[in-house]
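Participant: So you can see what is in the structure, the chains are spelled out below.
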Amino acid sequence: MLPAAALSAPRNERFEALKQRFGVGRPAVVPTLDRALPTGIDELDAALGGGLPLGSIVTFEGRGTAGRWGIAASVLAQVTQRGLGAVIDDGHLYPPSLEEAGVRLDRLLVVPATTPVRIARAVDVLLRSRVARVVIMGATLLRAAVWTRLATLAHRAGVVLIVIATRAAVELSSVAGLRLDCAFERAFLRGTRGVWASFCGFALRAEVRKHKIAQRGGACISLRSHLHATASP
Amino acid sequence: MHFAPVASSCYGFAVNGKRVLLCLRIPDYPLAVALAGTSSGGDAPLLIADRFDRGRVIALDERARKHGARAGQTVTQAAAAAPTARVAVHDPVRSRAVWNEVLDLLDGVTPLIDDVREGVAFLDMRGIDGTPERWRNQIHTLVQHLDLPVLTGAGPNRFCAYAASWIADGTIIAPGEEVKRLTPLPLDVLDLDPRAQERLHLLGVATLGELARLPHGPFVRRFGREAAVWHEWARGIDRTPFIPRSHAVTIEASMYGEGSAESEEAVVFAIRVLLSRICSDLERCGRRASALELEVELDNGRTQTMEILLAAATANDRDMLDVVRAKLEGVTFDAPLCGLRLRALRLEEGGEMLALVRNDDIDPQNVAVVLARLEALLGEPVRRARTRAAHPSEERFSYEPFTLGKLKTTYSPLVVDDRHDDRSVVPQMRLLDVVEVDVTVTRGEPAAINGERIVQCAGPWRIEEGWFGPAISRDEYDVVLEDGSVRRIYRQGSRWYVRGTYD
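The listed protein sequences correspond, in order, to chains L and P.
The first sequence begins at 1 in my numbering and counts up by one.
The second sequence begins at 1001 in my numbering and counts up by one.
Since the hints were made in silico from the structure, they are not lab data.
Heads up, some of the hints might be wrong.
[Said to hold, decoys possible] Quick partial rundown of chain P residues pointing at chain L, CB under 7 Å, derived from the structure:
(1) Gly-1301
(2) Val-1367
(3) Ser-1485
[Claimed, not checked] Beyond 12 Å from chain L on every Cβ pair, some chain P residues (computed):
(4) Pro-1092
(5) Glu-1118
(6) Gly-1127
(7) Leu-1146
(8) Met-1255
(9) Val-1267
(10) Ala-1270
(11) Ser-1290
(12) Glu-1293
(13) Arg-1343
(14) Asp-1363
(15) Ser-1424
(16) Pro-1427
(17) Arg-1462
(18) Gln-1492
(19) Asp-1503
[Unchecked claim] If you only want the chain L side, here are some residues facing chain P, beta carbon under 7 Å, derived:
(20) Trp-69
(21) Ser-97
(22) Asp-124
(23) Val-125
Just so it is clear, the structure is predicted and the values come from calculations on it, not from any experiment.
The beta carbon of each residue, even a glycine, is placed where N, CA and C say it ideally should be.
Taking the hints into account, I'd like the entire structure generated from these sequences.
Facilitator: Pasting the structure below:
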């Protein structure tokens, strides 16, 4: 009996040749965007062609501790230096962390909404009015027609709607202009252990799953988070 | 209360063309208000406390002082010193009302009155016909019915006028005489805090003259920046500006008895008419309104009042109408409207705020409309977060309604926020609903949560609070689980809970 590796070798070669022929696996060439909202993270901005595409829905996806809110906070920090930002709060927001990321809390509209209908209506009002350059919301169950409507409004208003999700549903992923997949790699603890240690950040990997401007995803970057001061007392 | 005889006036300085300030002072104002209207304080000493329970003495009469009671003591201490004393609780509302009445009466003497505090006011008499003696008599006649021990003094600046009222009622300090007249006065005139006054006494300084003779530099270095002001006052120099009090203005417009309105267009038309009236009144007064109060009278006899925040003070009726319309989007009335009353609230001085150079892309009017629309939609206002110092995570922030009043929109190119220039992702804690979890502890450290292995652990950090409120006593940990999620957990007693997660 031949070993399994020997059997699969020619198939792998043929598969690699096909991948090379069609350019799969090569990082996508992202053109520099004319209308981009910088995230404040240089590596990510470079990978995205300058930042998040203005006037589109952007999803930050990932499971558990994936740095999605960390990236969103960085975007908010950029926006609130000059204008207003808005967050749809489902009751889980922790403003001290946002402040630590550089967000000006006096310029952040915290909109309390929990039900899908209210969230959709609140986002609708915010997008139409253009008061905030970025609106952040958690993923919620909305019909495809609603997502399409929000995408149209975001496009007209030139506002970035960031949706934080574990995995974007089909209705959302089809209208999203950019999908960023975030994954946790490892945590950094300062100090030795126990009471002498404190959580100070984590390494994460962000992959562009979809980029409408670049036509396809593929850009993959590693980011490292850093807590300026320990969140514990 | 001791009334000094009217001092012989020295009218040697020219009144016309020079600023003459008159000081009206009511010594021990809370006590004076408590005694006003009563024929006498009775035989018993009188103590005025700030509150009934665990209060402190804020004023006391001469008899209580002779018994050894002092202002600042607790009521228990003062009552021990003067066992026969009566204790009255200060009524701040009545006190303010009486003082407002005094100020309104003083409007009959001069329109420029600087309301320093309850019991002390300055009157700018420049250009007012008469002599200081006549003005003094006029003041006494006006406030006579209030039965308050009023003292007056005149001088070329605020402090001199104030000090003149300490010398005797009706005293005038003429320009050029400041040092001579102030020299014998005690340090009490400066209203120093007791500690500073005691330090000065230890240095042998008891009068303003002795204070004025101290070398300026060493004195300021030893007593701090405020000592420079005391030193100037002691030499008869006062640079404090005179700030005239503003008069309360009520601007409102109403529409009643003109039939009832059922359609939205009719209501909006009526509101537009009222707003144009209000805005013309605002412009006439040179004011702007930060809020509106809308009172609606329904056909079934009910009334409904709502306060509409404008976020940015304005006197523009179109801006106001946008916000009022947005606010009314979420309101339904169970009967036709038969009356409307609109009142401008929180009036501010000046015209529309326009910045010459703007660094922001915030349109206050647009934001105000969105805030009103979202409030109508959600049933609660849009919020602004504020952080504060506390140990438990859930107490480190609070929310308040979002208003544009606090928004700093001034262009400041020199102010650069460089605290966050390292461009890394800052982990964000997300508060979770507190749920009890099953934690396995190994060698004193949490090892697994609900069967899921903990790979890294930091903590515990002890949090103990609640001297007066509900007690909080817990140990918090940050743990990294096998699946890569980082959690904030805590142990309270023998139970474990998840507080938040990092993302």
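Participant: Could you run down the list of hints and mark each one as holding or not?
Facilitator: Status of the hints after comparison with the structure:
1. Gly-1301: With Cβ-Cβ at 33 Å, over 7 Å, it is violated.
2. Val-1367: holds, 5 Å
3. Ser-1485: OK, holds: Ser-1485 (chain P) within 7 Å of chain L, min 3 Å.
4. Pro-1092: Since the minimum Cβ distance to chain L is about 32 Å, Pro-1092 (chain P) lies beyond 12 Å and the statement holds.
5. Glu-1118: holds, 34 Å
6. Gly-1127: At about 45 Å from chain L, Gly-1127 (chain P) clears the 12 Å cut-off, so the statement holds.
7. Leu-1146: holds, 45 Å
8. Met-1255: Label holds. Min Cβ-Cβ 30 Å, cutoff 12 Å.
9. Val-1267: holds, 22 Å
10. Ala-1270: About 26 Å separates Ala-1270 (chain P) from the closest Cβ of chain L, which puts it past 12 Å; holds.
11. Ser-1290: Given a closest Cβ separation of 17 Å, the condition holds.
12. Glu-1293: Holds, because the least Cβ-Cβ distance between Glu-1293 (chain P) and chain L comes to about 24 Å, which exceeds 12 Å.
13. Arg-1343: Given that every Cβ of chain L is farther than 12 Å from that of Arg-1343 (chain P), nearest at about 27 Å, it holds.
14. Asp-1363: violated, 7 Å
15. Ser-1424: violated, 4 Å
16. Pro-1427: Violated, because the least Cβ-Cβ distance between Pro-1427 (chain P) and chain L comes to about 5 Å, which does not exceed 12 Å.
17. Arg-1462: Check fails; 9 Å does not lie beyond 12 Å.
18. Gln-1492: holds, 15 Å
19. Asp-1503: violated, 4 Å
20. Trp-69: holds, 4 Å
21. Ser-97: holds, 4 Å
22. Asp-124: violated, 9 Å
23. Val-125: holds, 5 Å
The structure is inconsistent with the numbered hints 1, 14, 15, 16, 17, 19, 22, although it conforms to all the rest.
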